Every structure is written in C-alpha cells, then in structure tokens.
Amino acid sequence: MDRPAPGLRLEAITPPRQDIMRIWRTLRPIREIRRQRDVSTIQPLYFPEHPTDEERAFSATSAYVARFYPQGSTPPQWSQAAPTPRATSTLAPEAESSIQAAMHAELRAVREERDRLRCELVDSCAEVVDYREVQTELTRARARVAHLDREMARLSAPLDRVRKRACDLAHP
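Going by our numbering, the sequence shown opens with residue 2, and the numbers climb by one from there.
Hint data in this document are derived by calculation from the structure and do not stem from the laboratory. Here the structure is a predicted model, which is why all the values come from computation and not from measurement. Idealized CB from N, CA, C, for every residue including glycine. Do not take every clue at face value.
[What the hints assert, rightly or not] Taking CB as the label site, the calculated pair distances span:
1. H148 with E55: 53 to 61 Å
2. Q37 with A58: 29 to 37 Å
3. Q37 with R151: 42 to 50 Å
4. R57 with E95: 21 to 29 Å
Starting from the given sequences, assemble the full structure and let the hints guide the process.
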C-alpha cells in the first residue's frame, strides 16, 4: 500500500564531497600529463653554444672584474704615464682558471635555480587549473543538489496527499 505514485522517483543523493573526490581521482592523471607538457613547453632546451642575454652580460661583467680586480688585490691605481694595453690579460693562468671555475659554478647555480623556479611555476599553474576545475565541478554538484532538493519538495506534496488518501481509505 506504500507504493509511490506513478512517475514519482526518489533518487539517492550523492553528497558533493563524493562527487568531488571521484572527479579529483579522474582528473589526477590528466593533471600530471598537463604538468609534464607544460614543463616541456616552458622549459626550452639549453644550448651552451648559444648563451642567453643574461649569460652574455654575466660573462662580460666577469671578464671585466677578472681583468681590473685581480684575485685578492685592491682596485688598480691608474698611472698617468702610459696606458695599459687592453688586449693582454694581466692574470696568471691558474688565477684565471679559478675565476672561470667560480664563474661557471655560479652560472650553474643560477641555471639550477632558474629551472627549479620554472618547475614551481608549472606546478603552480597546474594547481590553479585544477582548483578552477574543482570549483566548477563543486558548483555543478551544488546546483544538482539544489535541483534535487526542489524536485523532492515538489514531489513531497503529492506523496503526502497519496499517503493521506491511503490512510483515510484504511481508517474510514
């Protein structure tokens, strides 16, 4: 006797959290693929034979410092007598190689930091995209819950009438 009226369909409502977790599990591999694609897109190949503008500027500055400020000395005193020729190096070969090694180490550290920051940027962009996707899905889930609430409210009035009629027929 407690059969619902024809066309009345009550569905179990899935809580939004379960929908979100299902969507999150579905999108996780896609997010990883996007992250890897973005890393390869953002991080261009590095060719040592074609230095960047920053590397050229660093190299020129390093050469200037190495030439005019030899290791451990004070700035040179300019003499008025004869200008020094600019083409020759005043450093000993071992001092020059140690300066170059230090410059290369610094350059390597700067490149590693640049690469790390690029990876962080890609991860941050992926997180923002994921957050937006989750927000969109959450909005959809909330709209579905609101729609189902309205549907239940709309159908509860006829259901109450059917139950009352059934109760009146059972107890005259």
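Checked hints:
no.	hint	in the structure
1	H148 with E55: 53 to 61 Å	holds (56 Å)
2	Q37 with A58: 29 to 37 Å	holds (32 Å)
3	Q37 with R151: 42 to 50 Å	holds (43 Å)
4	R57 with E95: 21 to 29 Å	holds (26 Å)
Checked against the numbered hints given earlier, the structure satisfies every one of them.
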